[in-house]
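> The residues making up each chain are set out below.
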Amino acid sequence: MLALHDVRVFYGAIEAVKGISFEVRQGELVTIVGANGAGKTTTLRTISGIYRPATGSITFEGQDLTALPSHEIVALGISQSPEGRLIFGSLSVRDNLMLGATRRADRATIPEDLDYIFSLFPVLGERINQSGGTLSGGEQQMLAIGRALMARPRLLLLDEPSLGLAPMLVNRIFAVISRLKETGVTILLVEQNARKALEVADRAYVMETGHIILEGDARSLATNPEIKKAYLGG
Amino acid sequence: MSAAEFGQQFINALSLGSIYALVAIGLAMVFSILRLINFAHGETLMIGAVAGVVLADRGLPWLIWLPLAVLITVGAGWLMERVAYRPMRGAPDVTLLLTSLGVSIALQNGALLTLGSQPRPFPTPAVLGGQIPLAGGVQISRVNLVTIAIAIVLMIALTWFVTRTQTGIAMRATAENAMAARLMGINTNTVIIAAFLIGAALAGVAGFLWGSRVGRVEYDMGFIPVLKAFVATVIGGFGSIPGAVLGAYILGFGEIFLVALLPDYLTSYRDAFIFVALILILLIRPQGILGSTEPEKI
Amino acid sequence: MAAAAPVQRPVRRQPFARQQAMLALAVLLIGALLTWFAHANLNGYRQQLFILCAIYAIVAVSLALTSGFTGVFSLGQIGFLAIGAYVSALLTMPPLVKQPIMLPGLPEWLATFDTTGWPPQAALLFACLVGGAVAAIIGLLVGAPLMRLSGNYVAVATMGFLIIVHSVLNNWGAVTRGARGLSQIPTSTNPWVAYIWLVIAVYVALRLRNSPYGRSMIASRENLIASRGIGVNVLRTRLLAFVVSAFLTGVAGALLAHQIGAIAPTTFYFGTTFTVVIMVVLGGMGSISGAVVGAVIMTLTPELLRPIEAGGAIGPIQYSGLYGLSNIILAVGFILIMIFRPQGLFGERELGLALFGRRTPQQEWAGESIAITPELAPEIDEPIPDPRA
Numbered sequence: 488m489l490a491l492h493d494v495r496v497f498y499g500a501i502e503a504v505k506g507i508s509f510e511v512r513q514g515e516l517v518t519i520v521g522a523n524g525a526g527k528t529t530t531l532r533t534i535s536g537i538y539r540p541a542t543g544s545i546t547f548e549g550q551d552l553t554a555l556p557s558h559e560i561v562a563l564g565i566s567q568s569p570e571g572r573l574i575f576g577s578l579s580v581r582d583n584l585m586l587g588a589t590r591r592a593d594r595a596t597i598p599e600d601l602d603y604i605f606s607l608f609p610v611l612g613e614r615i616n617q618s619g620g621t622l623s624g625g626e627q628q629m630l631a632i633g634r635a636l637m638a639r640p641r642l643l644l645l646d647e648p649s650l651g652l653a654p655m656l657v658n659r660i661f662a663v664i665s666r667l668k669e670t671g672v673t674i675l676l677v678e679q680n681a682r683k684a685l686e687v688a689d690r691a692y693v694m695e696t697g698h699i700i701l702e703g704d705a706r707s708l709a710t711n712p713e714i715k716k717a718y719l720g721g
Numbered sequence: 500m501s502a503a504e505f506g507q508q509f510i511n512a513l514s515l516g517s518i519y520a521l522v523a524i525g526l527a528m529v530f531s532i533l534r535l536i537n538f539a540h541g542e543t544l545m546i547g548a549v550a551g552v553v554l555a556d557r558g559l560p561w562l563i564w565l566p567l568a569v570l571i572t573v574g575a576g577w578l579m580e581r582v583a584y585r586p587m588r589g590a591p592d593v594t595l596l597l598t599s600l601g602v603s604i605a606l607q608n609g610a611l612l613t614l615g616s617q618p619r620p621f622p623t624p625a626v627l628g629g630q631i632p633l634a635g636g637v638q639i640s641r642v643n644l645v646t647i648a649i650a651i652v653l654m655i656a657l658t659w660f661v662t663r664t665q666t667g668i669a670m671r672a673t674a675e676n677a678m679a680a681r682l683m684g685i686n687t688n689t690v691i692i693a694a695f696l697i698g699a700a701l702a703g704v705a706g707f708l709w710g711s712r713v714g715r716v717e718y719d720m721g722f723i724p725v726l727k728a729f730v731a732t733v734i735g736g737f738g739s740i741p742g743a744v745l746g747a748y749i750l751g752f753g754e755i756f757l758v759a760l761l762p763d764y765l766t767s768y769r770d771a772f773i774f775v776a777l778i779l780i781l782l783i784r785p786q787g788i789l790g791s792t793e794p795e796k797i
Numbered sequence: 008m009a010a011a012a013p014v015q016r017p018v019r020r021q022p023f024a025r026q027q028a029m030l031a032l033a034v035l036l037i038g039a040l041l042t043w044f045a046h047a048n049l050n051g052y053r054q055q056l057f058i059l060c061a062i063y064a065i066v067a068v069s070l071a072l073t074s075g076f077t078g079v080f081s082l083g084q085i086g087f088l089a090i091g092a093y094v095s096a097l098l099t100m101p102p103l104v105k106q107p108i109m110l111p112g113l114p115e116w117l118a119t120f121d122t123t124g125w126p127p128q129a130a131l132l133f134a135c136l137v138g139g140a141v142a143a144i145i146g147l148l149v150g151a152p153l154m155r156l157s158g159n160y161v162a163v164a165t166m167g168f169l170i171i172v173h174s175v176l177n178n179w180g181a182v183t184r185g186a187r188g189l190s191q192i193p194t195s196t197n198p199w200v201a202y203i204w205l206v207i208a209v210y211v212a213l214r215l216r217n218s219p220y221g222r223s224m225i226a227s228r229e230n231l232i233a234s235r236g237i238g239v240n241v242l243r244t245r246l247l248a249f250v251v252s253a254f255l256t257g258v259a260g261a262l263l264a265h266q267i268g269a270i271a272p273t274t275f276y277f278g279t280t281f282t283v284v285i286m287v288v289l290g291g292m293g294s295i296s297g298a299v300v301g302a303v304i305m306t307l308t309p310e311l312l313r314p315i316e317a318g319g320a321i322g323p324i325q326y327s328g329l330y331g332l333s334n335i336i337l338a339v340g341f342i343l344i345m346i347f348r349p350q351g352l353f354g355e356r357e358l359g360l361a362l363f364g365r366r367t368p369q370q371e372w373a374g375e376s377i378a379i380t381p382e383l384a385p386e387i388d389e390p391i392p393d394p395r396a
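Protein chains in written order, with this note's numbering: chain A, 488 to 721; chain B, 500 to 797; chain C, 8 to 396.
FYI, nobody ran anything at the bench for these hints, they're computed from the structure.
Among the hints, erroneous ones may be present.
What the hints assert, rightly or not - Covered by chain C, per the in silico footprint, the following chain B stretches (three or more residues, Cβ under 8 Å):
1. 580 to 587
2. 618 to 628
3. 724 to 734
4. 763 to 775
5. 779 to 788
Claimed, not checked - Computed footprint of chain A on chain B; a stretch qualifies when at least three of its residues, placed anywhere within it, have a C-beta under 8 Å from a C-beta of chain A:
6. 521 to 531
7. 672 to 685
Stated by the list, open to error - Label-pair distances were calculated between CB atoms; the ranges are:
8. C:Pro-219 with A:Glu-502: 31 to 39 Å
9. C:Gly-278 with B:Arg-784: 29 to 37 Å
10. C:Pro-102 with B:Gly-714: 43 to 51 Å
11. A:Ala-554 with B:Pro-560: 46 to 54 Å
12. B:Arg-557 with C:Thr-273: 30 to 38 Å
13. B:Arg-715 with C:Pro-101: 36 to 44 Å
14. A:Pro-598 with B:Phe-660: 55 to 63 Å
All of these numbers come straight from a predicted model, not from anything done at the bench.
From the three backbone atoms N, C-alpha and C, an ideal C-beta is built for every residue, glycine too.
Using the sequences and the hints given, assemble the complete structure.
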């Protein structure tokens, strides 16, 4: 469904992503794990068209994404819940969610999807008219995911959804991610919390300083001694 | 100051503030999205007024030339964005500021070339002329009343636009965080163009009102209003639209009542006072009254 | 961004320094030769143009000193030019002209202050120094609070300063004669004086930049966080650059007043500000020699365009005066530079270094800054702090 081939991304003179290749197949939950600064967020943003790769190709269902502006990439069915949530703090929860639906052709089913998101995150329904900035960190994360879902994505990109959340909330978020996967959404999940990510994922890639250094079945990676030592705390 | 004088000055201040507000909104909108202080915005006002003069010379009635003039102004705003500012996306703030100075000089001299350096009388429509006598010897000029009314209507329309329409909400989102907006699928180009067009339209109307107020049109007539509008946006908080409006009215009142209250020999210094105030605000509260933007300090 | 800053290459010190000294000497000599030529052989109008080039070069160098090195872009530079011009003029105008009928606001001592008996060049030197000093003091008073700001804010605040100066010149009739301006200032500026002050300005600017102060200035511009981390007193270095540039611009103002012999507030406003900004941008922000070259180009171009404005014929096409055309050409040219070559002619390189194919350590700043938009900020641990958020 999504395939990256030899993608390199630079910031000025710094090479943040140094020629990575990977793929995500229809219906899969794939995770990219790795430490801070490994290039994970850059990778996701490059897929979404925020950054341009210097070399390499990114294709989504055979279509090349590298020349498309970000809004057209969203229109193709790729939406993202960004790192740091990036909620529009001055806008209401409703406006935030509606912005997620900016590119939808099928506007008639929007109310239906709003209800679906409120069933996933009831708290958003309670706060529909509150401004995004007044939500707690966990609520903002839910809003970020909900907002990305409002695009009815075929591929959902989740960037560090558990960052900065209390353990209980982390479990909530991952439970929702599993549930989303069951509904058939293809998901690419970037996480520092490798333990959690490997629990829910089908397959995984490990990134380090701009390279993919390991890949494989999530379950087998979780038991890989090196991974255990480096990312799972022994 | 008698009550009658006060009333007159009050309306006058409200009207002046309204014009500043119409100009300041465009500045604030564009700044909030691009971090561009668009000095050439004053020239859109000038273009609106000049277009009015040129069209009225052709014998058109004002009900026709006014909308045409605003349309021309909108075209100028679009062209400005397309030709000068779009290639500069992402450039450092000061580079953007200097570019806008360049655009401003080019347009001013373009007007000088076509108009000459002599002021031309503005074809103020007859309905805007004259005074309305009120009780107690108070007279209110029609221009002032119409200015206030038009500004209120336009501001209500703008509020509806930014809170109720998709493009308006997208505009606020882009101003808050352009990357997040792009991730939502918002076409930021569209939003930027919309900001320029709306700003230009408001400036075009302001050009009409300003021309009617001062009664003449000159190639450099945009300079003072844009400076004042700029001060207004600083008072209210760079990039905050409600802040810009608030700042504009504060400035309008400050200016009118400063002149009314200061001893005569100091009134000609009123611009100096205004800019002293500007510098003080920048130092003490650079985010302005309503601005929430973190001050850009070292 | 810190990591993007170019690596400083090891420099073979000895031969390079000698090359540089030789080059400096050569430039000095050529300049002196030109000056001699201008002084001895050029007619009045061309000599005036030469002097004007030198004076604006001083202003451009001082603007490059604040803007290029510290990232504090001052739009108020012309305010200091005005202060230098007016202060120096009030010193050297003959007491007959300064009597209370003309300028009732002058204090007694200044109204009777008489330099007419002095050797003209001594009087001019004195006027330059005092004009520069007053500009520097005001620069200190204005700069001390303003240097805390950066980017747009400082540009706007210094612009406010210019407007205030302009308003005072226009309205303080008892001292400045308002819009009519001052006249009968002795015209003692000659090519040599202008040239010598230009050499001094360039020397001071280069010395400042290559001093530890200068390096920390550049550091403060390029990477605020890192330079604060290594304990650079950003405020002090910026202020130093601002005050020095105010002094030099004040001197240029004195030279200008004593060249033309008459000054008026309109000279010291946005038109001139914009012209000087173009000079610096054209030469390359941060390049001293670039500022000089920019000043020369920008002083001569309007003169070359003047015949076009005056009206005439291009081939068979007759046209009448096109006032404003030269400004349009300049402004459009400026916008094109901003779009296609924001680093100017020289970037941050200096003339000599460029000739030898060497770049100063802080090369290509303009290009780099453009690359670092909020959206291109390197991936960092925390969510990217968007400046708008």
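> Look at each hint and say if it fits the structure.
Here is how each hint holds up against the structure:
no.	hint	result
1	580 to 587	holds (count 3)
2	618 to 628	violated (count 0)
3	724 to 734	holds (count 3)
4	763 to 775	holds (count 6)
5	779 to 788	holds (count 3)
6	521 to 531	violated (count 0)
7	672 to 685	holds (count 11)
8	C:Pro-219 with A:Glu-502: 31 to 39 Å	33 Å, holds
9	C:Gly-278 with B:Arg-784: 29 to 37 Å	32 Å, holds
10	C:Pro-102 with B:Gly-714: 43 to 51 Å	45 Å, holds
11	A:Ala-554 with B:Pro-560: 46 to 54 Å	51 Å, holds
12	B:Arg-557 with C:Thr-273: 30 to 38 Å	34 Å, holds
13	B:Arg-715 with C:Pro-101: 36 to 44 Å	41 Å, holds
14	A:Pro-598 with B:Phe-660: 55 to 63 Å	23 Å, violated
Violation of the numbered hints given earlier is confined to hints 2, 6 and 14; the remaining hints are satisfied by the structure.
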